[in-house]
Every structure is written in structure tokens, then in C-alpha cells.
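Q: This is what each chain is made of:
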Amino acid sequence: MGDMKKYVFVLVLVALVAVLITGCGTSKPAEEKPKEKEFEVVLILKNLVNPVWLDMKRGGEAAAEKYGVKLTVLAPLKADNNEEQIRAIEDSIAKKVDAIVLVPSDSKGIIPGIEKANEAGIPVINVNTKAHGGKTETFIAVENYDAAKKVAEAMAQKLNGQGKVIILEGVPGAQSAMDLQAGTLDGLKAYPGIEVVASQTAKFQRAEAMKVMEDLLQRYPHIDAVLAANDEMALGAIEAIDAAGKTGKILVSGLDANKDAVSAIAEGKMTISCDKRSYEQGYVGVESAVKLLKGEKLPERIVIDTVLVDKSNVSEYLNK
Amino acid sequence: MRVPESIFRKIKRLPGVLWALVALIVFFGISGKGFFTAYNLINICKQGSILVIVSMGTTLAILTAGIDLSTGSVLTLSGVTVGLLIHSGSPISVAILAGLGVGALCGLINGYLIAHLKFHHFIATFGMMGIAQGIALAVTQGAVVPGFDAAFRKLGDGTIFGLPVPVVVALLVVVATSIALYRTRWGAHVYAVGGSEQVAAWSGINTRRVKLAVYVLSGLFAAIAGVVLTARMNSASPIAGAGYEFDAIAAVIIGGTPFEGGRGGIVGTVIGAAVISTLKNGLNIIGLPTPWQITIIGFMITVAIVLDVLYQMRKDRVAS
Chain A
2 MGDMKKYVFV
12 LVLVALVAVL
22 ITGCGTSKPA
32 EEKPKEKEFE
42 VVLILKNLVN
52 PVWLDMKRGG
62 EAAAEKYGVK
72 LTVLAPLKAD
82 NNEEQIRAIE
92 DSIAKKVDAI
102 VLVPSDSKGI
112 IPGIEKANEA
122 GIPVINVNTK
132 AHGGKTETFI
142 AVENYDAAKK
152 VAEAMAQKLN
162 GQGKVIILEG
172 VPGAQSAMDL
182 QAGTLDGLKA
192 YPGIEVVASQ
202 TAKFQRAEAM
212 KVMEDLLQRY
222 PHIDAVLAAN
232 DEMALGAIEA
242 IDAAGKTGKI
252 LVSGLDANKD
262 AVSAIAEGKM
272 TISCDKRSYE
282 QGYVGVESAV
292 KLLKGEKLPE
302 RIVIDTVLVD
312 KSNVSEYLNK
Chain B
2 MRVPESIFRK
12 IKRLPGVLWA
22 LVALIVFFGI
32 SGKGFFTAYN
42 LINICKQGSI
52 LVIVSMGTTL
62 AILTAGIDLS
72 TGSVLTLSGV
82 TVGLLIHSGS
92 PISVAILAGL
102 GVGALCGLIN
112 GYLIAHLKFH
122 HFIATFGMMG
132 IAQGIALAVT
142 QGAVVPGFDA
152 AFRKLGDGTI
162 FGLPVPVVVA
172 LLVVVATSIA
182 LYRTRWGAHV
192 YAVGGSEQVA
202 AWSGINTRRV
212 KLAVYVLSGL
222 FAAIAGVVLT
232 ARMNSASPIA
242 GAGYEFDAIA
252 AVIIGGTPFE
262 GGRGGIVGTV
272 IGAAVISTLK
282 NGLNIIGLPT
292 PWQITIIGFM
302 ITVAIVLDVL
312 YQMRKDRVAS
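Protein sequence lines correspond, in order, to chains A and B. The opening residue of the first sequence carries number 2 in our numbering; numbering runs sequentially from there. The opening residue of the second sequence carries number 2 in our numbering; numbering runs sequentially from there.
What the hints contain is simulated information worked out from the structure, not anything from laboratory work. The reader is advised that the hints may include incorrect statements.
[Said to hold, decoys possible] Calculated lysine to aspartate or glutamate pairs in the EDC-like style (CA-CA distance at most 16 Å, straight line):
1) A:Lys117 x B:Asp158
2) B:Lys34 x A:Asp99
3) A:Lys165 x A:Glu196
Okay, chain A solo, but in the shape it has when bound (with noise of 0.2 Å):
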């Protein structure tokens, strides 16, 4: 049994110098000491295989980079875990962080999170998806109803102000489709010239979006425009549009800017789609942490402006 601890020792060893090593690489080693007091951020994400969270870490990370803060990102092992994140609060709070960077993959479940937080008296700036409880200094997100008003216009443009379209919503309910709806809606509402046969749901996904636009190509043949509320959506449309021979004919939109949908783009089947900025809403997110250290007064919501994507800056994002 002497050899069986010797045997596992030298093996938890291992293990840990491994953990060192790695550990290493990603922080700074004590020796370095800095001038000033650094502060300590923590930006909890909801994931780490959707690329628009790795977007976000790595904008987090330039921030951090450029005010000389030390940033850990955390995120759940298991992909959108409510309890994980919760979990990640409680560890930075053990480890007295001075400012809390989050995305709550559960508006409310993660208040309980928020609260042990706010009892601990460490900042919590909420970003991209709002917190429904806890004291929160800002809420940094884009703004879904301008992100599609502006698509809607710069649609009604492309078609000169004339045409047959049908918009996709998003899931009934959500505040995120209301408020995308919305904003096609007052976009569109410029141009008396461009007339909405159909608004249906197809619940964001792009399997439902092909369904749902090939019963209604049966029923309204001569359309010019779709106005989806997410890409998903407007490349189901797509497909669709495809498989009745009319592609090029009629023109689609949708919002996210995601790889399919740029790619889509270039190809010329799709006409616009709308990025949310994720990379600046991390930078933004760890930019307003260091602010508020540092005295300064956040407002109570922070709104990222969104970018066009159409043929003419494609190219920009196919390479990214």
C-alpha cells in the first residue's frame, strides 16, 4: 500500500503541474507586479462552441488588453448551464473580483447569481441577454428593433420602393421577435409602395422557415421580398425560393450576419443581413467595467449600433 500513495501522488503531481503549466499560459506569473492596482474582471459567457460568444470573448479580451485589466473568462463546461454560471458568480466572488462581465443564459434563472453578487458588493455589468432580477450597473446590448427597421428600409430601398413582400417572424411571444417585428413593421411603414401580403411565424429555425415559405410560394407566387427576422430563417427561405426556380427573383433578408448566411451573400442568394456586433459587445462589456472602477457614472443601457452586411462589405466577412 506504500507504493499504491507513492504511486498516486506522483500522479496527482503530474496532473497538477499540468494545471500549472496551462494555468500559466493564461495569467500573468506574481513575480510581475504592476505599478498601479489592477483590477480584476470576470466576463461569464454562455458558451463556448457558438461563435458568437467566442467573438465576444475575444473582444472582451482586446479591452482588457488595452486598459490593463486582468481578465478571466469563464463559461459553463456544459453549454448554456444555468447552474454552471451560477456556480462561476460564486467562484469569482470568492476570489474578490472587482467587476462582473455577464451573459445570462437564463434571464431569470441566473438571479439568484446576481444577488449573491450584489450582497458580496461586486459590480455586475449585464450584456446581449438582460438579467430579469438582481441589481445590474448596465444592460449593453444591441438594439433589436433598430437592427431591423434598418434592414426593412434598406430592403424597401433595394426594391425602389415597390413590391410584394412576406416577413418571417421569430418565436410568438419572445420579446426578441416582438421586437424585431416591430421595427420591420416601421421600416417598411415609409414606403406606401411596398404592400405585406403575409407575416408568419417560423420560430427562428431554418427548417420551419423552408415549410412555411413553400406553402405560402404556393399561395402568393408573385412576391419580391422576404423579410426574415434571423438568418436561419432566411436561408430556409432560401431554399425554398430555390427549389421553386425563383432564386434571384426575389429577394431575401435576415439579421445576424452567421457564416451561411454571409456566404449566402456572396453567392447572391441572399441580399442583406444585419451583424449584431458580438465582438464589440464584449470589448464594450469589459471597456464599461473599467469605467465604472474607475468612478465613472454608466448609463443605464448602453446600445451597440449594428452594421449592414450586403454584397458591397461581404468581403469583409468571409475571411473572419
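Chain B: place on chain A using the hints.
A: Below, chain B alone, put in the same frame as chain A:
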């Protein structure tokens, strides 16, 4: 004579895992800022208690050379049941009893399929994993059940004699399991069935009843964990327990109960769960990126299995 021998072996095996835990605590104590504080040590106990509760049932299943893959989903379903009932106006006690009943029922179905209809334990519990998860999603329509009153939240956030309630519940479950396993004939039978079901049957043990009880307890413990987790999160998410089954299995294996069953025990599992919880907490505190956290936990499991094989080989050599 099987049982006393197993206990003896278990005690002899203890130091291995315990060393790993001590080494982890020392390592994180030195390298992780804020790790070795009263706040954080209580924090780890609180975070780990849910895993301890679930993994008690998993230990029983693996001791009989079986497995329970449905614990995570059953945990979720029980949590959701409690949440929905409380929201529909049921008294808290009724809701909790119903939640526990749902868990025990899932366990009963598993146990009946395995013990009486001779389903393979993997198939039966894998099926239950999908069914319980599916029902949880269906009854909540995919949405989180949020916000309970203070009385219920005490189960997750309150303290008894200065100890957090989840820790107290975990202690009770561990004590109950250890009494059942080490102080009753039934406990001896669990080891016997795991050692050789055939031999156990020949020696007059009602193996069916032993296995049925094991899976009922596994379901019940998962349900207890679900109630505590729901209170701690102040919400019942239809995906709250996803992945818990694997953490529980990892705790059992790291704790020295092998898949062949018949040897090992719950003390090792408690330490195994402590190792996992300490690792997750410590790695968050030193800020190791998520993919490396997953790697290291996998590495620990492999080390535990290699050590077990080495130990068995050495013991066989000594015996021959």
C-alpha cells in the same frame, strides 16, 4: 465473508483518493487567490452537495454492476414537478412530496425493467433518461419555471446550525445510505449481487428485490437533488440536470468503485465528488479556460481507472 472483506478493502483504498483531494486543496490554496477562505470552502461544499446526493444512488447502481444513466433527467423532471406544482398553488410540502414521488417512480420503472423484465441496465436507464428529459421539456414547454417564495428557497440558501441546508441534506442522504449499505443485510446483498449475481441467487438472495430497491433509491436521491437544486437556483429549468449523470458516474469511479461492481463504496464516492467539485471551483478561480477544465476532469477519471487496474494487478500477484 465477502462483505467485511470489501469494507476492509475500501478502507485500505481510501488514502489514494484522499491524497488527490488533499493535493488539490494544497495546490489551489497556494495558486488560487481566495481559494482557501471560509467563504469558498463553504461554497465548495454547497456546490458539491447536489452531486453528492445524486452520486449516492449511482454508487448503489454501480455496486450491483449496473448503472443509472437517468439520474440527471430524473433530477430535472422532479425539479420541474415541484416548480410547476408550487406555481399552481400547491403547498410546498405537497409539491416536494410529489417531486420525490416522481423520482421514485422513475426509479421503480427502471428497477422493474432491469430486475424483473431482464432489460440491460444501460438500455433501461438510457431510455428513462430520454423519457424524463422529454416530459420535463413538454410540461414546461421548454421554458424555465421561475421564482419561488422565501420558505422554499431556504432549502437551497438557508442554514441549519450554521451549515448550509444543501450540505445538511447531503449529509443525511450519505448517513442513510451508509446505514443501509453497511448496517443491514440488504447492504451486504448489494455487494453480493455486484460480485456475482448468479452466486448471490444460488445462496438464496432475492436479487430482483435488491436491484429494484437500488434503482428506486437512485431515482429518489436524484429527486432530492432536484428539489434542492430548484431551491438553490430559485427556478426549475427543463435542462437543469443535463449532464449530472456523468458527473455522478465520474465521482463514483474516481472514488474507487469500479464498473464491475461488488467492491468500493460510498465514502470513496463522497471524496470523488469532493475532488470534482474542488477541481471545478479551483479551476474557475485560477481562471483556466473551459476546454482545459473538461480535459483535466477527464484526465482525473482516467488516472483513477489506471490506478484501480494497477491495484488489482498487484493484489492478484500478492494473492498468487
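Q: Do the alpha carbons of Lys34 of chain B and Asp99 of chain A lie within 16 Å of each other, as the hint requires?
A: Satisfied, since the Cα-Cα distance of roughly 13 Å is no more than 16 Å.
Q: Between the alpha carbons of Lys165 of chain A and Glu196 of chain A, is the straight-line distance 16 Å or under?
A: Within the cut-off at roughly 5 Å; holds.
Q: Below or equal to 16 Å on CA atoms is what counts here, so check Lys117 of chain A against Asp158 of chain B.
A: Distance ~11 Å between Lys117 of chain A and Asp158 of chain B Cα, so the pair holds.
Checked against the numbered hints listed earlier, the structure breaks none of them; every hint is satisfied.
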